[in-house]
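Chains A and E supply the protein sequences, listed in that same order. The end of the first sequence is residue 743 by the working numbering, with every number in the run present. The end of the second sequence is residue 743 by the working numbering, with every number in the run present.
Derived by calculation from the structure, the hints in this document are not laboratory data. Please note that a few of the clues may not be correct.
It does not matter which identical chain is used: a pair holds within one copy or between any two.
To be verified - Cross-link-like lysine-lysine pairs, in silico, DSBU-like; alpha carbons within 35 Å at most:
hint, residue 1, residue 2
1, Lys693, Lys626
2, Lys589, Lys697
3, Lys687, Lys110
These numbers come from a predicted model, not from an experiment.
2 protein chains.
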Amino acid sequence: MFTNFLQLQNGINFAMICGTLGLLVALALIRSILTSSAGTPKMGVIAGAIQEGAKAYLNRQITAVSLIAVVIFAALYYFKGQAAAGGFVIGALCSLAAGYIGMRVAVVANVRTAAGALLSRHSAMKMAFSGGAVTGLLVVGLALLSVGGFYALARPLLGEAEAINSLIGLALGASLISGVARLGGGIYTKAADVGADLVGKIEQNLDEDDPRNPATIADNVGDNVGDCAGMAADVFETYAVSLIGAIFVGYLTLKSTPAAILYPFVLGGISVIGSILGIFYVNSSKQKPGASLITAVVLNAILSAVLFYPATTMLFPNEIVTATMTITSQGLYLSALIGLAMTAIIVLITNYFTSTEYEPVRRIARASETGHGTNIIAGIAVGNHATVLPAVFIIAAILGSFHFAGLYGVAVAVMSMLSLSGIIISLDAFGPITDNAGGIAVMSESPKSAREITDELDAVGNTMKAVTKGYAIASAGLAALVLFGSYVEELKSHMVDNMGLTFSLSDPRVVAGLLIGGLLPFVFSAFSIDAVGKAAGAVVIEVRRQLGLHPGILTGQDTPEYGTCVDIVTKAALREMIIPALLPVLTVLAVGFIPWLGAVALGGVLVGTIVTGLFLAISMTSSGGAWDNAKKYIEEGKHGGKGSSAHAAAVTGDTVGDPYKDTAGPAINPMIKVVNIVAILVVPLLFK
Amino acid sequence: MFTNFLQLQNGINFAMICGTLGLLVALALIRSILTSSAGTPKMGVIAGAIQEGAKAYLNRQITAVSLIAVVIFAALYYFKGQAAAGGFVIGALCSLAAGYIGMRVAVVANVRTAAGALLSRHSAMKMAFSGGAVTGLLVVGLALLSVGGFYALARPLLGEAEAINSLIGLALGASLISGVARLGGGIYTKAADVGADLVGKIEQNLDEDDPRNPATIADNVGDNVGDCAGMAADVFETYAVSLIGAIFVGYLTLKSTPAAILYPFVLGGISVIGSILGIFYVNSSKQKPGASLITAVVLNAILSAVLFYPATTMLFPNEIVTATMTITSQGLYLSALIGLAMTAIIVLITNYFTSTEYEPVRRIARASETGHGTNIIAGIAVGNHATVLPAVFIIAAILGSFHFAGLYGVAVAVMSMLSLSGIIISLDAFGPITDNAGGIAVMSESPKSAREITDELDAVGNTMKAVTKGYAIASAGLAALVLFGSYVEELKSHMVDNMGLTFSLSDPRVVAGLLIGGLLPFVFSAFSIDAVGKAAGAVVIEVRRQLGLHPGILTGQDTPEYGTCVDIVTKAALREMIIPALLPVLTVLAVGFIPWLGAVALGGVLVGTIVTGLFLAISMTSSGGAWDNAKKYIEEGKHGGKGSSAHAAAVTGDTVGDPYKDTAGPAINPMIKVVNIVAILVVPLLFK
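Next up, chain A with everything else stripped away, as it sits in the complex (with noise of 0.2 Å):
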């Protein structure tokens, strides 16, 4: 007992040691993008809007959510005891640092990017990875760190059970924050972006990112509220759930092998090793920008693979033999291969179906040639013909890494999948960052030399924004598996005769889940569209205000109030996020508490909320994808180039396209965990 106690320290040493190297290599970059130029004195005035915009935003969420936070911790602390309410606190503190602090390197790495492009496209390209690479190393940094630290804290004081069970407060805290940042900070970047776009382009004719167009900053903003502190913000949420799904299933379904508990945590600390050497390479090689990335993630996932095998080894010397089967240690090291491939799969997929080389943009461009109906048609197809792939392969890692190892080896296949985010969050966070530093070179009037580099990395940019997309999803999807079974273990532990237990299809109430659960994922987007329809709506009537006062603005005479639009969205989004927030958690509580419906109910809306969630969250951000995509290869000069006809349909598309993309499709992820950690939470209470 006490060498194993050892040598589960030492696992989880060896992930909180990896994790600190991360955030020390974070640090580092911080202080690399902080030394460097940050250009010239009109970049500074713009950055600067940008940054407050972007702190005051952050702000007033933190404001707002406190007040949400202190009533789940005052409910967990009377329900659950203070180690979960402070693993709450502490999961909340750290999804909110990833998300803030990688904003905030973030708004200082653009205009740097900006000021690199002066010089070229290595130093612009250098400047805008390592700012996104800072918050993939935070990601995942602070995650092991935070679940390592609270575990390896809270087992000798409250024995094993009540430390593992405490750290769902962790993983809700993380919900929440993620969940909000989410959503908020979806509304925001999308009802800036529309706002912005529907005055200034079609009624006034400004381009993008026109320093006339009082929008144009609380559009910049939104960049890095939504794309950059949401998806941070989201990842970390995932990985950290993802972690504790794995503990909790192998502490619940293989209780006699505490290397089960450990394992999850070697694979999230190997990772980081591949990441960070990763995060080197991409900043000295001299391969294109799109090809030194994939390459980078390539090199990331091979190093996983061949580390990932000595480590299983080491940790299953035995085979374990439960009631139902025997895991052995090839059958993990399997499992652990399914979720590496997983995510070199769901990223081949995305790009084929989100970027301009291959058919589905381009059918959607020749669409838009007869009109914005037909362009509208053809992005809903792509996206739904998206989502064959992804599932075909999910059930493919279901079904093996079931078959390998149980319900532990899809824990172990999502954790090995998402011990990749380090490398894949950097890429993804490096978007927001070149699209704003193409709009700060837009707004100071750059050479146009440097417009080129901005706008090539800009679209490098995008095309990976949408690849993450994917990843998240199709890792949220398989992260919250291993929850519903958690759920599943969990109601099981508090029942006396848990043979009645089965969940059967047969049985009216989990259909009647099912059909809830299945309905959540609608209803939340539904919601979620119209927010960005109703705070879009408020941009442009403010827009249209200042130009009616002040006509001098579109002369440039004037110079806009950038920041009333900054505080119109601010308000905005946090005012429309609060129904659809509130909508998972209040369905879970009602279907648990209903007489008529109960646990095995809620059994099968987590069920249902996951199977109508993928598919949806994937065919939204596909055709969102595409529809932006198409738009940039009609602006390359196809069909007719900018101010056809064509090009006017696809600036519907991509209208319609941002919520889905932006806001409905990404904020399903965080929806569908939150839904089953609520409900683990809610088991006990259902006995009472």
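Following the hints, position chain E against chain A.
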């Protein structure tokens, strides 16, 4: 036993007598339609072209489907015996007859409605509604006669078990035709509609139904083959399949109670009487068109509710005690009432979301002011919101009827809901007749007063079409759940030890099945939307070719070749139908026979298809109906009226909504049921 048999025979005889009565009234209506004035000679020419095109399409569809039917017939004969194969032929022929005759009547009623409009609103209304009522009565009459006749004949020859098993062959026959008619007709109608609009309205600025548009006859043919023949075959199938499902469930779960088999027939028979009375009411009513149609439905429902009570207590004088519950006549009557209430609720909900009088449609109209993009976003959000209430009531209906009488209670609720099909389909088939009458009035240059009458009736027809789509989807979803129950029972009856058969959500095969099933409606709708796009593209090219070759068409000097457009759409619709039609069948076979998946995963597929299929279908048809009416609302002069930029945006929404509401959305209904029926048929083969 002998008394029981006599009773049983009497009950079925009652249903068959009612069915025959329905057919006789239909015959009388046909006679009264044929003896009415067929209008001016110009009307006759146009109507003749539409009739010819519709006949040509249906004939080609029959040829195409015969090939598939021969293969299925052979397979059924080989695996299931001659009775099932015979049932298959009967089901297919009756489904075909319902669609074919209904459509033939509609294409003679349309011109007479246009002629009636020259006299008065009442005579136009009477003609259109009589045409629709023929289809309504055909559907229920043929269903009761075919299922009742087959069972009455097969039972003494083959014994009860074999007779009931062979009924599944009849269900498959109905489903085959219904699937092909819905999908092929849906692709046809929207390809012609979108194709005609893209060139006619957008490129050449022609009005709807302008005789100079070479695709205008194809467009009018489409209304008949899609909305009329497709809908009739679909609801015939839902009716027959629900009746068979109820018999199946009654036999498998309540073996010792012969009345359980009789009861669904009696419910159906009673409602035919109510439907006939409702039809007479409409034809003699002085109310406004919309109000008199709704009153007829309410009358029918009340009469059924009253007559169901004595029928139920007479059939079930004693309680039925099963292994898990006690079923009383009160419980069964309450289940039947739930079915009637569901009809009313679904009609009200769909009306709210798609009528110009309420907020959803008006919100889309408002959003059209800010452009194409916001119109689309608003429409999608409305469609997603529209899923909530139907889902909540469907869930309540499932739980309630299951609580009252187990799975059989659910089957009774579905059968009771469908017993109102006679009157509901009369309303629906009213739609394409008035739509066509409007077209004929425009093309034959009727006076303005007559065109105002056809326009008014057309608007009522539009709402009715949307409302009955909601009814068709909700009943199809419930019917599919009964089929899933039948699948489970059928599976159990083939297993030596069925204790292990739980379809537990904790089983990865069930989760895999749910994901595969959940995927099906997304892929299916992607293919059917694509099909419309491709076929419409072919129409655009043909129309451009004709206008280029004969510029005299636009000035009215040359007559366009309507026939080539009809021909092109016919071929394209049948060709594009192949992949989506095969998809569900091949999926079921693949899942059933892949060793890692098998019967348990197949159960997941069935439920998964129902869950996402229900929501996608409701969302698509509601969005589509709302977009259509938002355009109509603007055309009434709101938000700038015809020719404004808001109107242009609304036309885009209508174009997107066309394949949503008339192709992909409604075709999901038969798809869900095909999946379930094929699964039931495959069961015995899984154990060979």
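Hints broken by the structure, by number, lowest first?
Violated hints: none; all satisfied.
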